[in-house]
Amino acid sequence: MVSFRPLFLRPAPSSRPQRKVAGSRLALAISFPLGISSLLFAVSAGSVARTYFEFKPAISRQFTLQNLSDQVIYLDEVLTMSARMAAASGDLSWEERYNIHVPQLDEVLAEIQQLDPASYEAYAAKTTAANIKLVEWEVQAFDLIRAGEQERAFNLLHSPEYEEQKRIYAEGINQTLEAIRSNIQASVQLYEQELLQALIFSGISFPILLLSWGIILILVRNFVRERNATYERQVSDTRLAQRFADIARIRQEQELIDPLTDLLGEMRQRFGAERVAFYRLTAPEEAQVIAESHDSRLPDTLGTLLRRIPAPIQQALHGGQVYAFGPVPRPDLGADYLQRLATAQLKAEMIAPVVRGDELYGFLAIGRAQSQSWSDEEQKTLAELANRLGQALGNLGALEQKAVAAQERERSEALQRELLQLISEVTEASRGDLTVRAQLTAGQVGIMADFFNVIIESLRDIVIQVQQAAGQVNQSIGRDEAAIRELAEAALRQATQIEETLRSVEQMTLSIEEVADKAQQAATVAESAAATAINSSLTMDRTVQNILQLRETVAETAKKVKRLGESSQQISKVVSLINQIALKTNLLAVNASIEAARAGEEGRGFAVVAEEVGALAAQSAEATREIERIVEGIQRETGEVVQAMETSTGQVVEGTRLVEAAKQSLGQIVEVSRQVNQLFQAIARSTDAQADASQTVRQLMQQIANIAAQTAAASQQVANSLQATVAVARQLQTSVSTFKVGEAV
Amino acid sequence: MAFAQEALIVGPHHFTLLPNQPAWVLGLFNYRNRILWGLDLPQFLGLEPLDFGQPEHHLVVMRPEFGGSASPVRTGLGLATQHVKGVARVPAEEIQPLTKAQAAQNNFRLENFYDSCKGLVLEGDEPLWVLDPLAIVQKLNSVDSSANP
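Each protein sequence line maps, in turn, to chains A and B. 415 is the number of the first residue of the first sequence in the numbering used here; add one for each residue after it. 1178 is the number of the first residue of the second sequence in the numbering used here; add one for each residue after it.
No lab work stands behind these hints, which were simulated from the structure alone. Computed from a predicted model, the values in this text were never measured in an experiment. Backbone N, C-alpha and C define an ideal beta-carbon position, used for all residues, glycine too. Worth double-checking, as some hints may not be accurate.
Unchecked claim - Per label pair, the in silico range of CB-to-CB distance:
1. A:Leu1030 x B:Pro1226: 27 to 37 angstroms
2. A:Gly1064 x B:Lys1262: 49 to 59 angstroms
3. A:Arg977 x B:Leu1195: 30 to 40 angstroms
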């Protein structure tokens, strides 16, 4: 709980300097690790560079020296060997070689001296002395060789003194070389040490760099977050200011709810809360939720009544303090309020009073669904917001209240006077006089008088209308009575006509039944016609069969006749044979008579016989000719018979065809008569149905007749009722006439 | 009558045709190992020739003799006719000589008919022509000699 004091702050006044601090701190924080890392880098780079530049010439010099020392050993050996070879072989060309290499050795020695005077000087004295002695001996040896004393030269060069000097010389050279090598080693060791140091330094500086850059990263992230939060806060502040401005414009409490709900939504967002409610005090210890904003998953508590505000809260409200509590339950809140929190699904709540002018108007409640304690800043912000809300509400209903009381008394007195006047003016109205009018005065009674006048006026209108209506009712009932009487008569007439119709329908039924009978008879006739046609068809079939048999008979006859023709042909063949025989006989007779003639007188008798034979032959020829004629006649006639037969066969075929056609026609007749039969039967059926239908019609007509009778009775009744209505209307007229309505209507 | 021998029935294919002969010579004809001349008698006489489409003809075989009885030359003749009616015996004195008018009247091949006809015999109203076989043979011979000089 923090002390509540009115704060009139601009929206988020702390945001600007805070951002500035964050920015400068960030720059500082970033520049520090940046400086460290640059320093580390510079140091390590410097040390590496130094090592590199220092050791490169030293080492190359050492290597040159070693190289030169090797050359000295080589050249020395070449000189000794040249001298000894010259002594051994007596050849002076070795001297030439010797002379070439001497200056080279000198050059190399001079170079060594120049490069490393220290190590050279240490052994210079001994070596130089030995060298000089050796050179002397060698020159001497060459001289001896030139003088022919080869053996002496050889001995000189292999003498122990020469060897001694050579050893001294070699030792000096070796020592020089040793010195050079140790120098090189020392340099390399130094170089390694330096490198190791640089490495160690780098190893140490790497985590430092890592750390410093990590720090930079964290700082930048925090900065960005802070800036975002600040921006959001600013936007929210702007919106809140807008809402407060909206609320401040409102003069009536009814309009308050919507902007208040908007404001609560904004606040809910600001606090990240699940529920924000505004309780309006309805009694000293009672409050009602009039506006609310809550998470969509939570239930609605809008309009609920808090019957008893718990004591700690009430205390805080009256003390103008914010009441915040984290984890529930808290026993001092009372079971009722805890139950309420459970219903709203809240675990933590923060309550701030809203004061309008000097009265406690209501309170804001911000709830969270998780148990948590509220920070001081949150409480402070809530207190500030509640304060601003109270100020915004200050305009609500602030106009009146003051001079009201003073005016009240005066007004009531005037009112009483005006009322008395009004009553005296309108008393007549209670006695039915609707012509009275109240006098119109200024003020509320004037308005009332006006209303009264309007009422009396409309009452008068109504009475006039009632009077008119009663008159009209009387008139129209008079008219209606006549109409109803006509109606009753018409109903009676209708009943009689229906009776007549009923009789007609009965006649119609009878005639329909007759039609049905006739149709039945016609069907029977058609059926018999069909039967006759079928019989005829059978007869036709028999005729056809007979004709066919006749045809066969004719065909057979024709065959026989043809055979007869063939037989006559055979006859004619035989006849021609006989004819030929007759001819030959004739010839034989001729020959016989010739022979007889040749025989002379004795042959006369024979000649006579022969002549007779010839005559017979002629006769038989004649007879055969006769037969031929007859046979020809037979053949001709049989041909005619055959032709006639064929003609008759054709006629038979034609007859058969005609009979077939007749049979088909008969079949059609049968079909047609069958259809006629069916049609007649259909007619019979239809007429039966018609008869039924007319029966039904008759019944219906009967019913209609009954109904007409009822209608007649009803219309009589209606006439009676109308009579009664007339009486009632007359009564109404007399009672309405008691009202006085001024001029006649 | 002295030359007539017999009457035969012969088919036209029995004749062996000869070249350079008049139309009325049908050809040579072998009968009982003797050669006969087959003549178309109606054509010879100037009448309608015989119908060769017919299967057979009647043939009257003649064997006239020449040159007297001392050196008889026998030439066989086969006179083909349509029909041999019969044999008639007529006394020689009844034969009337033929006149030219009569010959012309009958539309015959005048030359042959006149040369070879001895005369006619009336049997009822109908005249029967009496032919001389010798005249016919002479005619045949004259044709032969004119054809083969």
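Against the structure, the hints:
Range check, Leu1030 (chain A) to Pro1226 (chain B): Cβ separation about 32 angstroms, and the 27 to 37 angstroms hint holds. For Gly1064 (chain A) and Lys1262 (chain B), the hinted distance range of 49 to 59 angstroms is satisfied, since their beta carbons lie about 52 angstroms from each other. For the pair Arg977 (chain A) and Leu1195 (chain B), the supplied restraint of 30 to 40 angstroms is violated, since their beta-carbon distance comes to about 51 angstroms.
When each numbered hint is compared with the structure, a violation occurs for hint 3 only.
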